[in-house]
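Chemist: Protein chains in written order, with the numbering used here: chain A, 1 to 115; chain B, 116 to 229.
Treat the hints with caution; some may be incorrect.
Some chain A residues near chain B, calculated using beta-carbon distances under 8 Å [to be verified]:
| id | residue |
| --- | --- |
| 1 | A20 |
| 2 | A30 |
| 3 | G42 |
| 4 | D56 |
| 5 | G107 |
Taking lysine-lysine pairs in the DSS-like style, the calculated list, with each CA pair at most 25 Å apart, reads [as the list claims (entries may be wrong)]:
| id | chain 1 | residue 1 | chain 2 | residue 2 |
| --- | --- | --- | --- | --- |
| 6 | A | K11 | A | K44 |
| 7 | A | K71 | A | K15 |
| 8 | B | K216 | A | K62 |
| 9 | B | K228 | A | K44 |
| 10 | B | K216 | A | K44 |
| 11 | B | K164 | B | K216 |
| 12 | B | K216 | A | K78 |
None of these hints come from the bench; they were simulated from the model.
Just so it is clear, the structure is predicted and the values come from calculations on it, not from any experiment.
Idealized CB from N, CA, C, for every residue including glycine.
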Amino acid sequence: EAGVAQSPRYKIIEKRQSVAFWCNPISGHATLYWYQQILGQGPKLLIQFQNNGVVDDSQLPKDRFSAERLKGVDSTLKIQPAKLEDSAVYLCASSFRTGSYNEQFFGPGTRLTVL
Amino acid sequence: AQSVTQPDIHITVSEGASLELRCNYSYGATPYLFWYVQSPGQGLQLLLKYFSGDTLVQGIKGFEAEFKRSQSSFNLRKPSVHWSDAAEYFCAVVFMEYGNKLVFGAGTILRVKS
């Protein structure tokens, strides 16, 4: 079974530029998560989708971050404009469904460096 | 407020020695508890989890963890460390009223010396 796919794996941009990350979850997984992992910290949930609807985006900086999950499968996370403090690894995860706990499977992440 | 604490940022052990990584949480009830491992450039891999029942949980790669309610702890152990265990380890918790939301500790970096 294929795992969670993410691209690109690495991205370097200048501050105030825009960037987008892509995630393809495990087939059949209804729930998709985006996490931000800053160096020296544990991952922090940015947004959670159930199919193509948002379940939790309470920690998403909505002035600059946006995410969508069209058709309830792939998802993109965008940052516009980027700031230095956005340098982090962005992890995508998926689970079979939400509700009572379902194991989350993580992708390899996208490492973003903002100069 | 609910929180997860991993007191040790770095730990160095000799190959073949035993290992214990600490994890404490702050919560009024028993949460769901997890340990993940992250190797450089890799995603997070689940080592083991505790929901209820036997407080000693066996996981993959020879790891185990013990839930101690009185200490609000869920420490990860391995009797004999291999060089390939060098990685970063994260304790994570699901606090039930927040649904499926995983809250991670800051992580412990394990170095293995030969």
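Chemist: Each hint needs a verdict: does it hold in this structure or not?
Modeler: Cross-check of the supplied hints:
Given the 8 Å rule on beta carbons, the hint for A20 (chain A) is violated: about 19 Å separates it from the nearest Cβ of chain B. For the restraint placing A30 (chain A) at the interface with chain B, the shortest Cβ-Cβ distance is roughly 11 Å, beyond the 8 Å limit, so the hint is violated. Below 8 Å, beta-carbon pairs count as interface contacts, and G42 (chain A) has one with chain B at about 3 Å; its hint therefore holds. Hint status for D56 (chain A): holds, given a least beta-carbon distance of 7 Å to chain B, under 8 Å.
The criterion of a C-beta within 8 Å of any C-beta in chain B is met by G107 (chain A), whose closest approach is roughly 5 Å, and the hint holds. For the proposed pair K11 (chain A) and K44 (chain A), the alpha carbon gap of about 20 Å is at most 25 Å, so the pair holds. The hinted pair formed by K71 (chain A) and K15 (chain A) fails the criterion: a straight-line CA distance of about 31 Å is larger than 25 Å. A distance of roughly 19 Å separates the Cα atoms of K216 (chain B) and K62 (chain A); the hinted pair therefore holds under the 25 Å criterion.
At most 25 Å may separate the alpha-carbon atoms for a hinted pair to count; K228 (chain B) and K44 (chain A) exceed this at roughly 31 Å. Restraint check: the Cα-Cα separation between K216 (chain B) and K44 (chain A) comes to about 10 Å, which is no more than 25 Å; the hinted pair holds. As the CA atoms of K164 (chain B) and K216 (chain B) are separated by approximately 15 Å, the hinted pair is consistent with the 25 Å bound. Distance check on the hinted pair: K216 (chain B) and K78 (chain A) sit about 22 Å apart at the alpha-carbon level, within 25 Å; holds.
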